[in-house]
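Quick mapping for you: the protein sequence lines, in order, are chains A and B.
Under the numbering used here, the first sequence is numbered contiguously, ending at residue 350.
Under the numbering used here, the second sequence is numbered contiguously, ending at residue 350.
Remember, identical chains collapse to one label, so a pair may be satisfied in a single copy or spanning two.
With a straight-line cut-off of 27 Å between C-alpha atoms, the simulated BS3-like cross-links for lysine-lysine are:
id, residue 1, residue 2
1, K(-9), K305
2, K201, K170
3, K200, K170
4, K201, K344
5, K201, K242
6, K200, K344
7, K(-2), K10
8, K109, K(-2)
Treat the hints as calculated values from the structure; they're not laboratory data.
Protein chains: 2
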Amino acid sequence: MERIKRVIEWLKDNDHSMAFIQDKTSIFYLTGFYCDPHERLVSLLLFPEAEPCLICPNMETSLVKEAGWTGEILGYSDIEDPWLLVRQAVEKRNAVLTSCIVEAPRLTYARVQALQDAFPAIKLIDGEPFLMELRKQKSAKELTTLKEAAALADYGVEVGVQAIQEGRSEIEILALIEYELKRKGVRDMSFGTLVLSGDQSANPHGNPGQRTIKKGDFVLFDLGVVLDGYCSDITRTVAFHHVTDQQQDIYETVRKAQQAALDACRPGVEIRTLDQIARTIITEAGYGDYFPHRIGHGLGMEVHELPSLNETNTDRLQKGMVFTIEPGIYLPSIGGVRIEDDVVITEDGYQTLTNYPKNLQIIT
Amino acid sequence: MERIKRVIEWLKDNDHSMAFIQDKTSIFYLTGFYCDPHERLVSLLLFPEAEPCLICPNMETSLVKEAGWTGEILGYSDIEDPWLLVRQAVEKRNAVLTSCIVEAPRLTYARVQALQDAFPAIKLIDGEPFLMELRKQKSAKELTTLKEAAALADYGVEVGVQAIQEGRSEIEILALIEYELKRKGVRDMSFGTLVLSGDQSANPHGNPGQRTIKKGDFVLFDLGVVLDGYCSDITRTVAFHHVTDQQQDIYETVRKAQQAALDACRPGVEIRTLDQIARTIITEAGYGDYFPHRIGHGLGMEVHELPSLNETNTDRLQKGMVFTIEPGIYLPSIGGVRIEDDVVITEDGYQTLTNYPKNLQIIT
Chain A
-13 MERIKRVIEW
-3 LKDNDHSMAF
7 IQDKTSIFYL
17 TGFYCDPHER
27 LVSLLLFPEA
37 EPCLICPNME
47 TSLVKEAGWT
57 GEILGYSDIE
67 DPWLLVRQAV
77 EKRNAVLTSC
87 IVEAPRLTYA
97 RVQALQDAFP
107 AIKLIDGEPF
117 LMELRKQKSA
127 KELTTLKEAA
137 ALADYGVEVG
147 VQAIQEGRSE
157 IEILALIEYE
167 LKRKGVRDMS
177 FGTLVLSGDQ
187 SANPHGNPGQ
197 RTIKKGDFVL
207 FDLGVVLDGY
217 CSDITRTVAF
227 HHVTDQQQDI
237 YETVRKAQQA
247 ALDACRPGVE
257 IRTLDQIART
267 IITEAGYGDY
277 FPHRIGHGLG
287 MEVHELPSLN
297 ETNTDRLQKG
307 MVFTIEPGIY
317 LPSIGGVRIE
327 DDVVITEDGY
337 QTLTNYPKNL
347 QIIT
Chain B
-13 MERIKRVIEW
-3 LKDNDHSMAF
7 IQDKTSIFYL
17 TGFYCDPHER
27 LVSLLLFPEA
37 EPCLICPNME
47 TSLVKEAGWT
57 GEILGYSDIE
67 DPWLLVRQAV
77 EKRNAVLTSC
87 IVEAPRLTYA
97 RVQALQDAFP
107 AIKLIDGEPF
117 LMELRKQKSA
127 KELTTLKEAA
137 ALADYGVEVG
147 VQAIQEGRSE
157 IEILALIEYE
167 LKRKGVRDMS
177 FGTLVLSGDQ
187 SANPHGNPGQ
197 RTIKKGDFVL
207 FDLGVVLDGY
217 CSDITRTVAF
227 HHVTDQQQDI
237 YETVRKAQQA
247 ALDACRPGVE
257 IRTLDQIART
267 IITEAGYGDY
277 FPHRIGHGLG
287 MEVHELPSLN
297 ETNTDRLQKG
307 MVFTIEPGIY
317 LPSIGGVRIE
327 DDVVITEDGY
337 QTLTNYPKNL
347 QIIT
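With the rest of the complex left out, here is chain A (with noise of 0.2 Å):
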């Protein structure tokens, strides 16, 4: 419950008078506790100086207790209102709403007038920052389920770089990559898998399909998993048969870039400079038009979270930070070329999560 107490802390400090919580991935952070109640209301009530509530559909209450949640909890059924149930939490504590933390980016209007319907009073403040703030920083804990998720993405790598044959599509090879995964206890992809080969690995917008293996092709992977509800997420991209110099002079610009991005990581440097770090490689090599994304992304509980890793952000990096490096070159009609790793900044420097090979292996 270390995480809660950081929660209350800062309502104490910042004279807030509840915190209501109710994304699912926010009460997994904080509790421990994991469901996907679709429309049915799940939430978590912090207060300042009064006990923690945990409000839930009857049917949870187990898991709930299973999960390590001591604190009081408030089980109803589908004919009844956990609107009320979130009002005798308040009332039964003698607590005066006058604040109340929300997730504005996870909340809808709907529970925000169910809200303001219970409370006319209180004023709602967006505690979103504040919750991705703590979770930028991974636990040990956290680490260790991360590298377990890094370790089967590569597995999922290495499925799919066997199976490249001439004239087997990409949705096949999509297909054994997700069906070797699953095999393994994977639950869900952390995204939709992409195999993408030839020119369609310099699309953007492309979506695996019937295109099969040709000569010559890049064939891009880019797929994770969620393991324990953290995600991974790696691009590696090979070769068919050959390649012409341009596609080897690509490859060796993306695999340098990351490189250089990758050295550059260790706490205390400012986020953007791994970014342009990557983009003065591949700008000083003729491809800075063809490099038309951000170079990462924060990791943990979701694919995409804190920090940003783009041209602007003057952010420091910090020890636990995990995030991806991930620099591209995509040239229309030849094809792409990424190389994405998982990394986790150290005492000291960094470490990658991820450890698929990088070398430009030429499938034969």
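Keeping the supplied structure of chain A fixed, place chain B upon it in accordance with the hints.
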């Protein structure tokens, strides 16, 4: 643009000054343009008198046109503020905003604040019930897609049933089902596929896992695919090697209940009747306490939409409604049976979209 016209008529009839639509499913329904923009804003502005406008990231504008959108498009880059475009669109039309239709359960508080900042005098009104009502009756084109999606769900069950072997795990069978569906070009399942065996089949919280198939098990499959934006959802239960008299009794009771509910499907019938008919049969057979859920749910672009087929819904079935009929009996430690079809209401009755056989199969 027939659907947009109906929204505009409704705006006129109710003196609303604008509709601000931003959910990806609603936008797809109204315009034919689908994209998942994550945190970026894609919004459709509709006015009672003026021309509609679609606001989206620059990189999406060509896809909007490809989807057949002929109205105004305002694109924005990652460093521009899309809310300025919303304001400009309104100003250009000399629209005086008093009330604005929004999707209350789909619009975040962060966006509510942005909308209220842009138009301080605006009153937000929930248009979700109207939009959901529109979606309830499917067009001929939607039905064609739903039928194709249902046929793929049938195929998924077929693959699963053929994969049953003593000692093979639930997760292995699940992986194989999804592999074969993905090979056919399916990008997304409509929800996490369930393969549950033995006592697990009676667990409403059941997650497919390493449990292996044993003689005398029920094996329950619940799965569906998303095809061109439309979902299917089928459940079938088979037995492995042999069944007890009690298992047979449960199976035949569920089958009888499902058929009786289907037989009652035709325009004009009160929706609650379907649940009541099935529930009566199950209760009279002595299993009333073991059928803990409603008999079905609407199906379309989302796997759960209107109508809700519960015991109390007094709305009446209409031609073109599509929903599931899925009674079940779950006996702890013995196993569960659920049989689910996707159904469309026709002129004078119903048609099932899913067609995998429903007689009790004992796999040997």
